[in-house]
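Number of protein chains: 2
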Amino acid sequence: MPKIETCFSPSLLHLYDIKDSIVVIIDVFRATSTIAAVLEQGAKEIIPVSKVEECIALGEKLPNSITAGERDGKVAPGLQHGNSPLEYPRSFIEGKTLILTTTNGTRLLHMCHDANEIITGSFLNLGAVCAYLKASGKDVLLACASWKNRYNLEDSLFAGAVYHDLKNQFDMNCDSTRAAHHLYLAAKDNLYGFIQDSSHFLRLSKFGLEYDMEYCCKINQHNVLVKLEGDRLCIS
Amino acid sequence: MPKIETCFSPSLLHLYDIKDSIVVIIDVFRATSTIAAVLEQGAKEIIPVSKVEECIALGEKLPNSITAGERDGKVAPGLQHGNSPLEYPRSFIEGKTLILTTTNGTRLLHMCHDANEIITGSFLNLGAVCAYLKASGKDVLLACASWKNRYNLEDSLFAGAVYHDLKNQFDMNCDSTRAAHHLYLAAKDNLYGFIQDSSHFLRLSKFGLEYDMEYCCKINQHNVLVKLEGDRLCIS
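Residue numbers (my numbering), protein chains in the order written: chain H, 1 to 236; chain F, 1 to 236.
Worth double-checking, as some hints may not be accurate.
Repeated chains share a single entry, so a pair holds when one copy, or any two copies, can fit it.
[What the hints assert, rightly or not] Capping the alpha-carbon separation at 27 Å, the derived lysine-lysine pairs in DSS-like fashion look like this:
1. Lys19 / Lys206
2. Lys148 / Lys167
3. Lys3 / Lys61
4. Lys134 / Lys206
5. Lys167 / Lys44
6. Lys188 / Lys19
7. Lys206 / Lys167
8. Lys19 / Lys148
9. Lys3 / Lys206
10. Lys96 / Lys19
11. Lys51 / Lys167
12. Lys96 / Lys134
13. Lys51 / Lys138
14. Lys148 / Lys74
15. Lys206 / Lys44
16. Lys188 / Lys167
17. Lys61 / Lys218
In case anyone wonders, no lab produced these hints; they're calculated from the structure.
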């Protein structure tokens, strides 16, 4: 059986050998939630970039593109749009390229460049992620974007949700995965209620973003499988 | 109110400012459990060292000393004793200096040298640790030794147990502490049963060390407050 592990922070990524694994990038609040929503609403592709300047420069070059992203929970100066899954209705985003930079998620994605495959995961596309992993037969690393390298609750809760669905088809001997699963079992009947006592919720709710986080806790709202192909994220 | 935080791995220690904090070094299986037991059984002091060679060299110099330690769960070649809290009855250890090196705990202890204070914690001395922290009025970092920098269940369970006792007297906005507390609440009625599904339990039970780990799950069996004074650990 393939094995499944969980990495709680980009600062721990060096402990895992990912060259034969599918890495699931997890940034529930909000990069990977936004990515699922934007692609399901018909965007052509998403180009994740690490730096704001890179985002602006690429936006000037690429026709039919939108620059978007945040730093510390707010739209970064110089970018056109933010990092909310609710900001991108089909009428606005269909057929366009989104160039996206975020505090944690896009950075982790670039750190995993030597993985066998990279997909992105959020509660909004939980079902598609689990189905893909079960069908693949490959080892899996659930990689939490965390907050500036610090462990966060929402990403590990999602890791626990994935393991909950995969547990009969994967070998697991990883305490991070065990802990994530225990957390998920405690939270699963009221994900949004559980997550309200978390650092990221407290941080983003100061900007009035509770509705955004409530949306990010909905399961299978944008149930697409998102894969990195070259330097672009698209529906697979 | 002072604040309390939890660090899940030595690889994350750089994210925390510890210069004004008490750091609690946590290595439940088994360094900090052995440290509590050895000192409560009357050892004069413990000198934690990072390397096996250093341990041997110091043992040759210091009169009335014993060298002890493990690598990967077994007594390290060249050392006299292991890393079990049950290995050091009073009749053997009283008045002696133990020079100790372990895979994870002693290394983390040296990494925290710039903390305001360093104490060690285990279930065997949980009560003394909590009483000291509550009386101190200082910020606290609960520092898990983990296993070769990977998150482990037993150390975070202990962090959760400490927070459970301190929660009304400390400010907390740290998801690691929240997760540790949730875990502790799920485990507290049967700590030893809970921990049997953990990587470290599975690893050490291959060496027949279940009895040792069962002992490490007992609360307040050696209820001493252990503090680093200079380069030595002693009862405070």
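Hints and how they fare:
no. : hint            : verdict
1   : Lys19 / Lys206  : neither (40 Å within a copy, 29 Å between copies)
2   : Lys148 / Lys167 : between (29 Å within a copy, 25 Å between copies)
3   : Lys3 / Lys61    : neither (42 Å within a copy, 48 Å between copies)
4   : Lys134 / Lys206 : neither (39 Å within a copy, 31 Å between copies)
5   : Lys167 / Lys44  : neither (34 Å within a copy, 49 Å between copies)
6   : Lys188 / Lys19  : neither (32 Å within a copy, 38 Å between copies)
7   : Lys206 / Lys167 : between (37 Å within a copy, 24 Å between copies)
8   : Lys19 / Lys148  : both (24 Å within a copy, 20 Å between copies)
9   : Lys3 / Lys206   : between (39 Å within a copy, 21 Å between copies)
10  : Lys96 / Lys19   : neither (32 Å within a copy, 50 Å between copies)
11  : Lys51 / Lys167  : neither (37 Å within a copy, 39 Å between copies)
12  : Lys96 / Lys134  : neither (31 Å within a copy, 57 Å between copies)
13  : Lys51 / Lys138  : neither (31 Å within a copy, 38 Å between copies)
14  : Lys148 / Lys74  : within (15 Å within a copy, 36 Å between copies)
15  : Lys206 / Lys44  : neither (33 Å within a copy, 53 Å between copies)
16  : Lys188 / Lys167 : both (16 Å within a copy, 24 Å between copies)
17  : Lys61 / Lys218  : neither (35 Å within a copy, 64 Å between copies)
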